[in-house]
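Student: So the chains spell out like this:
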Amino acid sequence: NAGVTQTPKFQVLKTGQSMTLQCAQDMNHNSMYWYRQDPGMGLRLIYYSASEGTTDKGEVPNGYNVSRLNKREFSLRLESAAPSQTSVYFCASRGFGQDGYTFGSGTRLTVV
Amino acid sequence: GENVEQHPSTLSVQEGDSAVIKCTYSDSASNYFPWYKQELGKGPQLIIDIRSNVGEKKDQRIAVTLNKTAKHFSLHITETQPEDSAVYFCAASYSSGKLTFGQGTILTVHP
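Chains A and B, in that order, give the protein sequences. Numbering of the first sequence is given in this note's numbering, commencing with residue 1354 and proceeding in unit increments. Numbering of the second sequence is given in this note's numbering, commencing with residue 0 and proceeding in unit increments.
By construction, these hints were calculated from the structure, which means they are not laboratory data. For every residue, glycine included, the Cβ atom is placed at its ideal position computed from N, Cα and C. Watch out, some of these pointers could steer you wrong.
Claimed, not checked - Rough simulated footprint, nothing fancy, chain A against chain B, three-plus residues with beta-carbon under 8 Å:
#1 6-16
#2 97-103
What the hints assert, rightly or not - Among chain A residues calculated to face chain B with C-beta under 7 Å, some are:
#3 THR1368
#4 SER1384
#5 ASP1391
#6 GLY1395
#7 GLY1457
#8 GLY1459
#9 ARG1461
To be verified - Capping the alpha-carbon separation at 20 Å, the derived lysine to any residue pairs in SDA-like fashion look like this:
#10 LYS1410(A) x LYS41(B)
#11 LYS97(B) x VAL1365(A)
#12 LYS97(B) x VAL1465(A)
#13 LYS41(B) x GLY1450(A)
#14 LYS97(B) x GLU1432(A)
#15 LYS36(B) x GLY0(B)
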């Protein structure tokens, strides 16, 4: 099993550019999450999708949008990238009735 | 919302020593407390977790303790090895499943 797959692994954007981070899981998990990781701040929840067809804001949603395309895929979009969005982004999923998350390997995004 | 504080931010030990990382949480309704290990360039991996109806849980060299009254929980690693070097995160959640993470601890085990 591939688990949680994130693409791309690295990306450099100019301020104001847009892009979509892709996430797909092959474990038939219901819930999916997007976190950002910054030094000294741990992982902060951006958006999540408790089940297919639903999305909700997390702790730091400003500047981001998400789409739960189907049960497998949950994408994160930056409409107009800002230097403050330079971070490592992690997608995670969780199965129904389970507690633990399975994380992808991350996307390292730099906005210049 | 939930707030999780984690200490220390960095921890350096000699191989064979024990390592302890501590976390406090704010929401008394939280009932699930996992610990994740993150190696360089990888995503976090669940290493152990505990529910609020249990005070301690062990898995070989790692253990987690929970004090619900004081709202804190700790990760204990015994007989540390160089491959234990990583960043460790604690987290807390209520049944909704949204995890709130601590700030992370960089553990370095010197041979």
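Student: Run through the hints listed earlier and report the numbers of any the structure violates, in increasing order.
Tutor: 1, 3, 5, 9, 10, 11, 12, 13, 14, 15
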